[in-house]
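Use the sequences and the hints to build the structure in full.
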Amino acid sequence: MAVKGRDIALRAASAVVLAPAAVAATWGGGVWFLALMIVASVVLAFEWAAMSAPHARRVMGGAVSFGVVAAVISAHFGAMSVAFIMLVFGAVAAGVYARSRGQEALDAAYGVLYLGWPSVLLIWLRDVDSLIGLHWTVLVFAVAWSADIVAYLAGSTFGGPKLWPRFSPNKTWSGFIGGVAAGAVAGAVMTAWVNMGALSVVWGAVLGFAGALATMAGDLWESALKRRFGVKDAGNTIPGHGGLLDRVDGLMFAVVVVAAGRLIVLMLERGA
Numbered sequence: 001m002a003v004k005g006r007d008i009a010l011r012a013a014s015a016v017v018l019a020p021a022a023v024a025a026t027w028g029g030g031v032w033f034l035a036l037m038i039v040a041s042v043v044l045a046f047e048w049a050a051m052s053a054p055h056a057r058r059v060m061g062g063a064v065s066f067g068v069v070a071a072v073i074s075a076h077f078g079a080m081s082v083a084f085i086m087l088v089f090g091a092v093a094a095g096v097y098a099r100s101r102g103q104e105a106l107d108a109a110y111g112v113l114y115l116g117w118p119s120v121l122l123i124w125l126r127d128v129d130s131l132i133g134l135h136w137t138v139l140v141f142a143v144a145w146s147a148d149i150v151a152y153l154a155g156s157t158f159g160g161p162k163l164w165p166r167f168s169p170n171k172t173w174s175g176f177i178g179g180v181a182a183g184a185v186a187g188a189v190m191t192a193w194v195n196m197g198a199l200s201v202v203w204g205a206v207l208g209f210a211g212a213l214a215t216m217a218g219d220l221w222e223s224a225l226k227r228r229f230g231v232k233d234a235g236n237t238i239p240g241h242g243g244l245l246d247r248v249d250g251l252m253f254a255v256v257v258v259a260a261g262r263l264i265v266l267m268l269e270r271g272a
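Numbering-wise, the sequence shown is residues 1 to 272 according to full-length UniProt numbering.
Hints are not guaranteed to be accurate.
Unchecked claim - FRET-style restraints, in silico, Cβ to Cβ: (1) Val39 / Phe77: 13 to 21 Å; (2) Gly78 / Ala24: 33 to 41 Å; (3) Leu266 / Lys232: 18 to 26 Å; (4) Gly102 / Arg270: 49 to 57 Å; (5) Gly28 / Lys162: 20 to 28 Å.
To be clear, the hints were calculated from the coordinates, so they are not data collected in a lab. Here the structure is a predicted model, which is why all the values come from computation and not from measurement. C-beta: ideal position from N, C-alpha, C; glycine also.
Structure follows, in structure tokens:
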């Protein structure tokens with residue numbers, strides 16, 4: 001119990017340091033959010049490289065960084081079609097380059113798509129300086145962070161049957177239930193608190209629930225990837241949390257669901 005207490009305290013201390021920086025950049029939008037996404041993309045790319053090609057981190061990290069950052073910059077300037085093209089081009093280029101240096105081409109290509117797709121969607125969701133875009137971006141963070149934190153606390157407190165022991169032996173059904181419930185509450189609270197356009201409180205809760213499910217799925221997916229590569233953590237970037245990828249794996253899946261919700265709301269608003 002003492003070890004868990006120290007672990008929770010270290011996680012909380014790291015969050016207190018890093019969360020304000022992420023929140024400030026998200027609030028500022030524009031070049032500040034772009035800078036945040038570029039830094040995060042590079043860190044994630046090299047963590048992916050450390051997992052998938054530990055003996056050629058620079059080769060793999062550089063290849064994946066190029067594809068993701070190019071797509072993120074394109075999305076920032078509103079060229080979403082170009083951003084998606086850059087993702088595909090970056091994935092192919094990373095694969096070809098990695099293969100030419102004796103590394104696994106599919107790991108490099110998948111790294112670009114795995115990290116780049118949610119990064120581009122986050123840029124689109126923030127919509128540069130739009131206030132509504134800020135609200136939707138905060139919604140993603142609120143749902144993913146609530147689901148992640150409550151799942152960890154509920155699982156640590158109540159324990160019980162394992163969720164998927166083959167890939168993640170520490171995750172429990174109690175943590176899963178707590179996490180999806182927290183995501184639904186976060187979605188409802190955000191929708192009631194700020195202007196989310198045509199999104200109602202009820203549908204905000206539904207979207208939060210779906211986003212929390214995606215968060216759990218993203219966490220499990222990364223656990224499966226780490227098992228495949230034979231590593232415990234994606235890195236040691238954040239004390240008490242492991243790598244940055246260990247902390248945003250669920251967020252990367254949640255943003256896809258929330259972005260889909262945002263697109264549906266936009267279509268409803270334009271059709272009204």
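We went through each hint and held it up to the structure:
1. Distance hint check: the CB atoms of Val39 and Phe77 are about 18 Å apart, consistent with the given range 13 to 21 Å.
2. Checked against the hint of 33 to 41 Å, the pair Gly78 and Ala24 fails, with Cβ atoms roughly 23 Å apart.
3. Restraint check, Leu266 to Lys232: a C-beta distance of roughly 41 Å breaks the suggested window 18 to 26 Å.
4. Between Gly102 and Arg270, the C-beta spacing of about 50 Å keeps the proposed range 49 to 57 Å intact.
5. Checked against the given bound of 20 to 28 Å, the beta carbons of Gly28 and Lys162, roughly 42 Å apart, lie outside it.
Consistency note: the structure conflicts with the earlier hints numbered 2, 3, 5.
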